[in-house]
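Novice: Residues per chain are reported as follows:
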Amino acid sequence: DAGITQSPRHKVTETGTPVTLRCHQTENHRYMYWYRQDPGHGLRLIHYSYGVKDTDKGEVSDGYSVSRSKTEDFLLTLESATSSQTSVYFCAISVGGEGMNTEAFFGQGTRLTVV
Amino acid sequence: QKEVEQNSGPLSVPEGAIASLNCTYSDRGSQSFFWYRQYSGKSPELIMSIYSNGDKEDGRFTAQLNKASQYVSLLIRDSQPSDSATYLCAVEGSGYSTLTFGKGTMLLVSP
Numbered sequence: 001d002a003g004i005t006q007s008p009r010h011k012v013t014e015t016g017t018p019v020t021l022r023c024h025q026t027e028n029h030r031y032m033y034w035y036r037q038d039p040g041h042g043l044r045l046i047h048y049s050y051g052v053k054d055t056d057k058g059e060v061s062d063g064y065s066v067s068r069s070k071t072e073d074f075l076l077t078l079e080s081a082t083s084s085q086t087s088v089y090f091c092a093i094s095v096g097g098e099g100m101n102t103e104a105f106f107g108q109g110t111r112l113t114v115v
Numbered sequence: 116q117k118e119v120e121q122n123s124g125p126l127s128v129p130e131g132a133i134a135s136l137n138c139t140y141s142d143r144g145s146q147s148f149f150w151y152r153q154y155s156g157k158s159p160e161l162i163m164s165i166y167s168n169g170d171k172e173d174g175r176f177t178a179q180l181n182k183a184s185q186y187v188s189l190l191i192r193d194s195q196p197s198d199s200a201t202y203l204c205a206v207e208g209s210g211y212s213t214l215t216f217g218k219g220t221m222l223l224v225s226p
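Note that the protein sequences, when read in sequence, are chains A and B.
Per the working numbering, residue 1 is the first one in the first sequence, and the count goes up by one each step.
Per the working numbering, residue 116 is the first one in the second sequence, and the count goes up by one each step.
I should point out that these hints are in silico values taken from the structure, not numbers from a laboratory.
Please note that the accuracy of each hint is not assured.
Said to hold, decoys possible - Label pairs and their computed distance ranges (CB to CB):
| # | chain 1 | residue 1 | chain 2 | residue 2 | range |
| --- | --- | --- | --- | --- | --- |
| 1 | B | Gly174 | A | Lys11 | 33 to 43 Å |
| 2 | B | Tyr154 | A | Val95 | 16 to 26 Å |
| 3 | B | Ser184 | A | Gly96 | 43 to 53 Å |
| 4 | B | Tyr166 | A | Gly3 | 18 to 28 Å |
| 5 | A | Ser80 | B | Gly174 | 24 to 34 Å |
| 6 | A | Val95 | B | Ser135 | 40 to 50 Å |
| 7 | B | Ser184 | A | Asp73 | 39 to 49 Å |
| 8 | B | Ser184 | A | Arg111 | 12 to 22 Å |
| 9 | B | Gly156 | A | Glu27 | 22 to 32 Å |
Computed from a predicted model, the values in this text were never measured in an experiment.
Every residue gets a Cβ at the ideal spot worked out from N, C-alpha and C, and that includes glycine.
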């Protein structure tokens with residue numbers, strides 16, 4: 001499982017409430033990612049991090065923020081959850097870093113339902 | 116907008132046959148290409164990576180890359196019912212190893 005743990009694994013929350021998802025890795029990899037997966041859209045990148053306090057936006061970043069205060073943890077926050085953010089969220093790490101011969105491995109996923 | 120296209124399927128093959136999965140991508144500058152397998156309700160699992168033109172074999176799996184045609188394929192030989200899953204093609208985009216995924220092809224292998 002590449003030493004990646006996501007928490008919680010399942011969550012139901014109400015519209016308008018803040019939600020934070022956690023991704024924890026045990027192998028000190030520099031690059032970490034948050035993707036969401038929805039039927040008909042596949043996996044889409046939300047945010048990524050290339051080091052402590054170094055983050056950037058992905059394809060579908062609106063309504064999400066991230067933080068990485070230490071190497072092992074990458075947090076995804078929905079400031080005010082909406083029904084359109086109901087999805088399965090996957091954290092990933094990249095082994096190898098920049099350039100060629102990098103491979104991404106995924107956590108178990110978090111199923112989030114916003115009601 | 117970088118795009119990765121896959122036939123959604125399902126692709127149905129009998130047990131023991133060769134399954135052929137295809138993927139095209141739009142960014143001609145892409146350098147790294149991956150195939151993931153995803154069982155229903157599970158996370159994507161990396162099964163093949165390929166970085167240069169030609170074929171790369173790993174057990175029953177062969178990945179093929181043609182950068183001139185912007186085309187990646189995955190062949191699964193001697194398909195088994197346990198191969199039934201959705202196969203995701205992914206292409207590395209930026210220098211930070213971000214991936215753009217296709218929507219996946221569902222493979223069904225019948226006994």
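Novice: Against this structure, judge whether each hint is valid.
Specialist: Here's how the hints hold up against the structure:
For the hinted restraint 33 to 43 Å between B/Gly174 and A/Lys11, the CB-CB distance of approximately 38 Å keeps it satisfied. At roughly 22 Å, the beta-carbon separation of B/Tyr154 and A/Val95 lies within the given 16 to 26 Å, and the hint holds. For B/Ser184 and A/Gly96, the Cβ-Cβ distance of about 26 Å falls outside the hinted range of 43 to 53 Å, so the restraint is violated. A beta carbon spacing of about 24 Å between B/Tyr166 and A/Gly3 agrees with the range 18 to 28 Å that was offered as a hint.
The hinted range of 24 to 34 Å is not satisfied by A/Ser80 and B/Gly174, whose Cβ atoms lie roughly 47 Å apart. At roughly 28 Å, the beta-carbon separation of A/Val95 and B/Ser135 lies outside the given 40 to 50 Å, and the hint is violated. Against the hinted window of 39 to 49 Å, the Cβ-Cβ separation of B/Ser184 and A/Asp73 comes to about 42 Å, which satisfies the hint. Hint check: B/Ser184 to A/Arg111, Cβ distance near 38 Å, so the stated range 12 to 22 Å is violated.
Hint check: B/Gly156 to A/Glu27, Cβ distance near 25 Å, so the stated range 22 to 32 Å holds.
Consistency note: the structure conflicts with the earlier hints numbered 3, 5, 6, 8.
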